[in-house]
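**Student:** Spelled out, the chains give:
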Amino acid sequence: MPSPILKKMHVSMTVNGKAVEGLVEPRTLLIHFLREGLGLTGPHIGCETTHCGACTVDLDGKSVKSCTVFAVQADGASIVTIEGVAAPDGTLHALQEGFREMHGLQCGFCTPGMITRAWRLLQENPNPSEDDIRTGISGNLCRCTGYQNIVKAIQYAAAKISGAQFKEAAE
Amino acid sequence: MIPAAFAYHRPKSISEAVALLSDLGEDARPLAGGHSLIPMMKLRLAKPSDLVDLGAIAELKGVREDGADIVIGATTTQREVIASELIAAKAPILKEAAMVIADPQVRSLGTIGGNVANGDPGNDMPAVMMCLGATYLLAGKGGERRVAARDFYHGAYFTALEPGEILASIRIPVPPPGHGYAYEKLKRKVGDYATAAAAVVLTMAGGRAASCSIGLTNVGETALWAEEAARILVGSSLDAATLRRAVAAAEAITSPASDTRGPAQYRTKMAGVMLRRALERARSLAH
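Chains as they are written, first to last, in the working numbering: chain A, 3 to 173; chain B, 83 to 369.
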């Protein structure tokens, strides 16, 4: 026999270094828990079909699309959203600075997902080739930029993190 | 897009999971990475009464060597398949196929078990498993049984899995050292299912194919094992005339749908082109 459907379940997780908890329906998607439960509206809801990557967050050291994870699956997990990328004093991360300097955004809708994905990519591969970057962000769609300046923004950040200077200009 | 309500269970062992699935009835579904099921639930094409999350079952995870076989736990993610040194060294076609599945975020959570057990003809791993001669270990309330990948797929989304059973692991005989391999996939864009794809594993001896196995993706109701095409190639030097006959034999067993990826005739021809490319690359890698 199917079980009676419990209205709410308790979840607790670490989000951007802070312990949080909440009551969610099992069907609550992680993106909705983050945005509506915790007020973290940085991760965006784009396609809702696991294609666009606007909802990308970091879950236990991996980039995931939070529209395709139930909040109950993330019980006990450690999550980083775009809100957790800058330093606590507000100093921008090298990626955020790179997106500004290289014009890596136009409308900005894809940017939180792009940066959160690139943040993990640069930890997995601190010195990526252009090809590595394009493959690495292949799960994130941008409808404005044509990607060229996004790739440069990530190259800018990779150079800055490794102590070098990125010499190219934005397109 | 909000799925229909369901009850959520998170068992810690295979026996607990299969007992739950059996007790909860046919409207309960196992949940692995969720990257096929959750999108279907959001579209309300699937409305399970209960989800039995396999994510906390340690015995379903990981890649290990067991004698002459590699055993991959069902909830091992595509990302973990790609990262496995054992797979890269012993059965690199699995890594190659995993790398053309969806995108990095999907591979973070999508599992190899979900990919093979869901029965979606668009999934890439079933043809690779047929090509490699893999065996699936299925666990149910009454115990375990083994089914060959080549016998597992009965139709689109119809497999040998009985209600209440889950796929526990995949056992793959390690191909001989020096084998050549390739997974060639034609797709319109990142994240797309194959228009057509071909998996090849072959060994060469004295300039001739000593063994060959071929799987085809998304050109029929299920993944296909192209037994006749491979039989034609064995013993040959993979000369042009033999290749033509083998490709024709592979094309002959396809029955793709005409859809947004192209008309059926085109997809059949692309299966042939992918096979030809996969054979050429596999031969170049064989030594």
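Among the hints, erroneous ones may be present.
As the list claims (entries may be wrong) - If you only want the chain B side, here are some residues facing chain A, beta carbon under 8 Å, derived:
1) ILE120
2) ASP132
3) ASP341
4) GLU362
Stated by the list, open to error - Under the rule of at most 20 Å between Cα atoms (straight-line distance), these lysine to any residue pairs were calculated in the SDA-like manner:
5) LYS9/A <-> LYS269/B
6) LYS269/B <-> LYS223/B
7) LYS94/B <-> LYS143/B
8) LYS10/A <-> ALA87/B
9) LYS124/B <-> LYS172/B
10) LYS143/B <-> CYS49/A
11) LYS129/B <-> LYS20/A
12) LYS64/A <-> THR16/A
13) LYS271/B <-> LYS20/A
14) LYS124/B <-> ARG37/A
15) LYS172/B <-> SER293/B
16) LYS271/B <-> CYS49/A
17) LYS269/B <-> ARG326/B
18) LYS10/A <-> SER104/B
19) LYS351/B <-> SER319/B
20) LYS143/B <-> LYS124/B
21) LYS124/B <-> HIS46/A
22) LYS124/B <-> TYR149/A
23) LYS9/A <-> MET181/B
24) LYS223/B <-> GLY137/B
25) LYS9/A <-> ARG92/B
26) LYS143/B <-> MET3/A
27) LYS124/B <-> THR137/A
28) LYS64/A <-> SER104/B
29) LYS177/B <-> ASP134/A
30) LYS129/B <-> MET3/A
31) LYS271/B <-> ARG136/A
32) LYS94/B <-> SER104/B
33) LYS129/B <-> SER5/A
34) LYS162/A <-> ARG102/A
35) LYS177/B <-> LYS9/A
36) LYS269/B <-> THR336/B
37) LYS10/A <-> ARG92/B
38) LYS64/A <-> LYS177/B
39) LYS64/A <-> ALA86/B
40) LYS20/A <-> ALA89/A
Derived from the structure by calculation, the hints contain no laboratory data. Glycine included, C-beta positions come from ideal geometry on N, C-alpha and C.
**Student:** None of the hints should be skipped; say for each whether it holds.
**Tutor:** Structure-based check of all given hints:
1. Evaluation of the ILE120/B hint against chain A yields a held restraint, the C-beta minimum of about 5 Å falling below 8 Å.
2. Because the closest C-beta pair between ASP132/B and chain A is about 5 Å apart, less than 8 Å, the hint holds.
3. Violation of the interface hint for ASP341/B is found here, the shortest Cβ-Cβ separation to chain A being roughly 17 Å, above the 8 Å cut-off.
4. For GLU362/B, the suggested interface contact is broken, since its CB lies about 23 Å from the closest CB of chain A, more than 8 Å.
5. Among the hinted pairs, LYS9/A with LYS269/B is inconsistent with the structure: their alpha-carbon atoms are about 42 Å apart, more than 20 Å.
6. Among the hinted pairs, LYS269/B with LYS223/B is inconsistent with the structure: their alpha-carbon atoms are about 40 Å apart, more than 20 Å.
7. Between LYS94/B and LYS143/B the alpha-carbon distance is near 12 Å, which keeps this suggested pair within the 20 Å criterion.
8. A threshold of 20 Å between alpha carbons decides the hint, and for LYS10/A with ALA87/B the separation of about 11 Å falls inside it, so the pair holds.
9. Annotation: proposed proximity of LYS124/B to LYS172/B is violated, straight-line Cα distance about 38 Å (limit 20 Å).
10. Between LYS143/B and CYS49/A the CA atoms are separated by roughly 31 Å; this puts the pair beyond 20 Å, and the hint is violated.
11. As the CA atoms of LYS129/B and LYS20/A are separated by approximately 34 Å, the hinted pair breaks the 20 Å bound.
12. Using a Cα cut-off of 20 Å, the hinted pair LYS64/A and THR16/A holds, with the two alpha carbons roughly 14 Å apart.
13. Simply put, LYS271/B and LYS20/A have alpha-carbon atoms about 38 Å apart, too far for the 20 Å limit, and the pair is violated.
14. With a C-alpha separation of about 18 Å, the suggested pair LYS124/B and ARG37/A falls inside the 20 Å cut-off, and the hint holds.
15. Straight-line distance between C-alpha atoms of LYS172/B and SER293/B comes to about 17 Å, which keeps the hinted pair within the 20 Å bound.
16. With a C-alpha separation of about 16 Å, the suggested pair LYS271/B and CYS49/A falls inside the 20 Å cut-off, and the hint holds.
17. Between LYS269/B and ARG326/B the alpha-carbon distance is near 23 Å, which puts this suggested pair outside the 20 Å criterion.
18. With a C-alpha separation of about 24 Å, the suggested pair LYS10/A and SER104/B falls outside the 20 Å cut-off, and the hint is violated.
19. The straight-line distance between the Cα atoms of LYS351/B and SER319/B is roughly 23 Å, outside the 20 Å bound, and the hint therefore fails.
20. About 27 Å separates the Cα atoms of LYS143/B and LYS124/B, which puts this hinted pair outside 20 Å; it is violated.
21. For the hint linking LYS124/B to HIS46/A, the alpha-carbon distance of about 17 Å falls within 20 Å, and the restraint holds.
22. Note on LYS124/B and TYR149/A: the hinted pairing is violated, with a Cα-Cα distance of about 29 Å set against a maximum of 20 Å.
23. The suggested pairing of LYS9/A with MET181/B is violated, with an alpha-carbon distance near 39 Å, which exceeds 20 Å.
24. For the suggested pair LYS223/B and GLY137/B, the alpha carbons sit about 19 Å apart, so the restraint of at most 20 Å is met.
25. A threshold of 20 Å between alpha carbons decides the hint, and for LYS9/A with ARG92/B the separation of about 16 Å falls inside it, so the pair holds.
26. Under the criterion of a C-alpha separation no larger than 20 Å, the hint pairing LYS143/B with MET3/A is inconsistent with the structure, at around 28 Å.
27. Annotation: proposed proximity of LYS124/B to THR137/A is violated, straight-line Cα distance about 27 Å (limit 20 Å).
28. Distance restraint check for LYS64/A and SER104/B: the Cα-Cα separation of roughly 33 Å exceeds the 20 Å cut-off, and the hinted pair is therefore not satisfied.
29. A threshold of 20 Å between alpha carbons decides the hint, and for LYS177/B with ASP134/A the separation of about 17 Å falls inside it, so the pair holds.
30. In summary, the hint linking LYS129/B to MET3/A is supported, as the alpha carbons are separated by about 15 Å, within the 20 Å threshold.
31. Distance check on the hinted pair: LYS271/B and ARG136/A sit about 13 Å apart at the alpha-carbon level, within 20 Å; holds.
32. Proposed proximity of LYS94/B and SER104/B is supported: the alpha carbons are some 16 Å apart, at most 20 Å.
33. A C-alpha spacing of about 14 Å is found between LYS129/B and SER5/A, which places the hinted pair at or below 20 Å, so the restraint holds.
34. A C-alpha spacing of about 14 Å is found between LYS162/A and ARG102/A, which places the hinted pair at or below 20 Å, so the restraint holds.
35. At roughly 41 Å between alpha-carbon atoms, LYS177/B and LYS9/A are farther apart than 20 Å, so this suggested pair is violated.
36. Between LYS269/B and THR336/B, the direct Cα distance comes to roughly 17 Å. Compliance with the 20 Å bound is thereby established for this hinted pair.
37. For a cut-off of 20 Å, the pair hint linking LYS10/A to ARG92/B stands: about 15 Å separates their Cα positions.
38. For the hint pairing LYS64/A with LYS177/B, the CA-to-CA distance comes to about 18 Å; that is within 20 Å, so the pair holds.
39. Distance hint between LYS64/A and ALA86/B is unfulfilled; the C-alpha atoms sit about 28 Å from each other, more than 20 Å.
40. Only pairs whose Cα atoms come within 20 Å are accepted, and LYS20/A paired with ALA89/A is accepted, the gap being roughly 14 Å.
Figure legend: structure checked against the earlier numbered hints; hints not met, in rising order: 3, 4, 5, 6, 9, 10, 11, 13, 17, 18, 19, 20, 22, 23, 26, 27, 28, 35, 39.
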